[in-house]
Amino acid sequence: MRIAVLLSAGRHPVSGRPAPVPVELQALGLALGLSDEVTGLHAGPDIGPLRDALGHGLPRLIHLASEAEDDPVPGLAAALASGGFDLVLAGRAGQGGEDSGLLPYALARALGLPIVADAVALAPGAAPGTLIVEQALARGARRRLVIRLPAVVTVHPAAPAPAPFAFAAARRGIVDVQAGPSAAEPARPASEERPYRPRPKLIARAGAGASAAERLKAATESASGGGRLLVAPSPEEAAGEILQHLRALGLLPGR
Amino acid sequence: MTELALLLSLTVLAMVAVAGTLATRRALLWRIGGAAKVDWAAGLLALPRRYLVDVHHIVGRDAYAARMHALAAGGLIVGSALALLGLVPALGDIRLFWWLTALAFAAAFAGGAMVGRRRYPRRPARLSGGRFQLLPFLLAAYAGGGFLVALDASLGGALWPLGCAGLAFAAVGGLGLALQIDRGPMRHAFAGAAHLVAHPRPGRFAGERATALAPLALDTPRLGAAMPEDFAFNRLIGFDACIQCGRCEVACPAFAAGQPLNPKRLIQDLAASLQPHASNATYAGSPYPNARPVAGVGGPGLPIVGIGAMIHPDTLWSCTTCRACVEECPMMIEHVDAIIDLRRFQTLELGAVPPRAALPLMELRYADEPSGRPLAARTDFAAGLPLPLMATRGGADILLWLGEGAYELRYGRTLRALVSLLHKAKVDFAVLGAEERDCGDLARRLGDEAGFQRLARANIETLSRYRFARILTADPHALHALRNEYKDFGGAYEVVHHTAFLDELAATGRLELGALSEARVTYHDPCYLGRYNGEVDAPRRLLDRLGIARLEMERSGKRSMCCGGGGGAPVSDIEGERRIPDIRMAQAMATGAGIVAVACPQCSAMLEGVTGERPAVHDIAELVLMAVERADAAPARTAEGVA
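Those sequence lines, one after another, are chains A and B. The opening position of the first sequence corresponds to residue 1 in UniProt numbering, with each subsequent residue numbered one higher. The opening position of the second sequence corresponds to residue 1 in UniProt numbering, with each subsequent residue numbered one higher.
These are calculated hints, taken from the structure and not from any lab test. Here a beta-carbon is modelled for each residue, glycine too, at the ideal position from N, C-alpha and C. Be aware that a few hints might be false.
Per the computed footprint, the stretches of chain B lying under chain A, defined by three or more beta-carbons under 8 Å from a beta-carbon of chain A, are [as the list claims (entries may be wrong)]: (1) 245 to 255; (2) 371 to 377; (3) 419 to 428.
Listed next, the stretches of chain A that the computed footprint assigns to chain B, with coverage defined by at least 3 CB atoms under 8 Å from CB atoms of chain B [what the hints assert, rightly or not]: (4) 50 to 58; (5) 66 to 72.
Quick list of the computed label-pair ranges, beta carbon to beta carbon [as the list claims (entries may be wrong)]: (6) A:Ser100 with B:Ala295: 39 to 45 Å; (7) B:Ala125 with A:Gly33: 41 to 47 Å; (8) B:Pro221 with A:Pro181: 49 to 55 Å; (9) B:Leu28 with A:Gly33: 52 to 58 Å; (10) A:Gly96 with B:Ala295: 42 to 48 Å; (11) A:Gly96 with B:Arg550: 51 to 57 Å.
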């Protein structure tokens with residue numbers, strides 16, 4: 001199985017220094033658990049500490065050299081299309097850049113591939129050309145899917161830690177620099193940059209005089225979005241439920 | 001000369017020939033090792049002194065063993081040499097000469113008897129069995145037989161029936177001993193001598209502590225030691241020098257805690273790996289506690305560490321690098337160097353660090369701090385205290401190196417006490433603040449030499465920008481790195497530990513100390529201050545100035561026991577039966593002290609982590625501040641009274 005792992009130019013969240021993105025290294029760890037034919041791909045002006053991915057077991061890294069303001073999607077899409085990869089792995093979101101997590105979706109659209117988000121474990125499927133993906137859902141829930149390859153899969157931070165860094169492996173690994181096609185990024189809406197500030201968690205208040213158990217329940221369950229859990233519903237039932245939910249949110253015209 | 005005496009001389013000659021052949025065969029195996037710079041002439045010249053002074057100094061800690069060894073080895077060597085000289089006709093015909101020879105063999109026999117008394121009827125756990133249990137009999141047979149033959153010769157053959165029996169004993173015992181020379185207990189005799197000549201740390205014999213790790217050239221094709229040939233040849237000689245006395249295992253904190261490390265067994269596994277088609281089956285000492293199963297096979301060209309090899313990785317990661325084994329080793333073997341060499345290969349080549357140690361090394365790589373905390377937060381402990389910054393001052397008399405402990409709430413109190421004392425004594429000092437990176441100790445002990453060298457170079461670059469006379473630190477690990485290990489990268493500094501510095505301030509009267517009379521205090525020596533740097537007196541002198549009752553633990557000074565916090569052991573976290581700090585705290589409690597004085601952030605954290613009823617843990621700086629405040633309080637009251 002030929003696997004491409006997308007590596008982005010990250011920054012350490014505290015020191016602000018260039019650093020690999022941990023979740024992308026975790027994606028690399030999952031890839032190496034599946035196959036030996038793993039290639040790292042980075043589009044950007046500078047490879048920097050992404051070389052360190054070689055120390056985490058990546059055998060080969062392709063650097064698509066481009067300008068900082070170029071859009072990485074066309075270059076990556078071309079490289080992925082010509083590389084004949086069965087699986088494209090990416091992190092859930094970068095770290096220290098825009099961190100929008102949209103690039104895998106943009107790539108999947110450009111390549112015409114399905115995309116599955118938030119994998120925490122991967123295994124080859126029983127039928128050839130399939131992959132079993134364990135997907136992380138909210139509050140620790142997991143869902144197992146079988147998908148047909150090729151596909152794009154993003155990896156969740158709950159995935160197992162990558163192999164530790166080995167200096168000599170990083171020294172030995174190969175970085176292949178290729179010129180990426182230059183493509184100006186589409187104009188973005190003007191945005192404002194502010195330092196990140198964690199939002200306070202909204203905690204539901206239990207009524208006055210509530211018991212300790214009730215207050216604990218209120219405090220711990222506030223994050224839940226409500227809704228109903230349907231286990232193995234029929235497609236019609238599931239679709240009806242989704243439509244009903246969207247209608248309740250006012251996202252679909254009411255009937 | 002009697003015919004029996006001639007036959008004895010020939011027996012000794014045969015022994016020497018057999019031993020020489022076997023020893024040469026073994027010595028040829030050492031050639032697979034890497035090159036090392038050895039001053040052979042100086043080493044050979046220094047051999048008698050190294051043996052009679054340095055080795056004896058360590059052996060002599062066990063008076064029985066020292067007497068036993070002096071008699072057995074001295075008698076054996078002198079007796080055999082005289083018996084050989086007896087082949088010279090002019091000497092062999094002198095009766096007095098044979099009488100002297102008999103005396104020497106008698107001494108050797110007494111030594112052999114002492115060996116036997118130590119091993120029978122019950123062998124102490126630290127001594128190895130197997131071939132070693134045969135040793136007293138071989139010694140007694142050879143020495144006793146030699147004695148009878150020489151006695152007979154000194155009397156001109158009057159005791160010939162006894163002499164005949166003696167010759168038979170001497171031949172059996174002597175050849176038995178000679179056949180032990182390449183793999184048995186007698187190997188330590190010739191390998192030990194070679195080890196003393198070609199010792200990898202000759203400074204140890206010149207009064208230096210010589211404890212800094214050797215830097216690793218990061219462009220060598222294979223980093224660290226994977227196979228026996230990756231060790232320098234003089235390291236291989238060192239492994240062969242082991243006599244399996246087990247003093248290291250008695251001293252080893254990981255062994256005491258039931259973690260799978262036994263320094264003796266480790267050295268034996270390394271020595272065994274030297275032989276082609278090696279196996280660890282002949283080892284007959286105490287095992288690794290809770291040993292993880294390994295194949296136990298190896299040899300040149302084969303890996304040493306791994307499930308399918310000689311040594312389980314958990315054994316390597318159990319070590320706290322406290323050097324207690326090295327301090328106790330009468331053959332002056334460098335166990336810790338071997339462990340670090342093996343760790344370097346695991347970390348740098350295989351990336352096989354323990355799972356929990358990978359994260360601190362990663363954070364060090366991208367944030368210069370093992371927990372990924374902001375460097376600027378290092379000075380948060382001093383909130384409300386003036387803390388001059390080097391960046392604004394440009395220079396100061398003293399550069400205060402804060403270390404990793406500064407981030408920790410408990411140790412922050414110690415540093416606050418130290419900073420308060422510096423202000424009280426009007427010391428001109430400054431800190432690096434956000435410019436201080438981790439010193440690299442953790443990375444280096446975990447085998448990440450690349451990470452250590454990067455941090456060392458970066459810190460040296462920062463330090464070169466400021467003017468200061470001395471570096472002051474409360475962290476012995478940082479002290480050791482800055483004082484001894486940065487030298488190899490161009491950073492030579494005068495580094496002083498806070499206990500020595502406060503002692504100096506008190507001696508020159510810059511700190512007025514009151515008395516903490518009621519306190520009963522025992523001092524726990526940090527390994528990196530006491531054993532690594534030999535500083536055991538200044539902290540005690542300082543404590544004595546506080547007017548306290550100072551109690552000594554059974555293991556103290558350079559022979560102190562580790563708290564379990566060194567060498568990355570807390571992050572490697574290898575499972576054992578007990579915790580090392582619990583063992584150490586029990587030793588402290590046995591003195592009846594109410595306070596354990598510490599002088600290291602690691603010791604402070606490890607000992608504070610002991611649960612249950614126990615003495616309080618205070619850094620010496622905190623105790624000194626208490627004494628200074630008491631001195632301040634006393635005159636203040638009288639002043640008020642006068643007013």
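Exercise. What are the numbers of the hints the structure violates, in ascending order?
Worked result: Hints 1, 3, 5, 6, 8 and 9 are the ones this structure does not satisfy, whereas the remaining hints hold.
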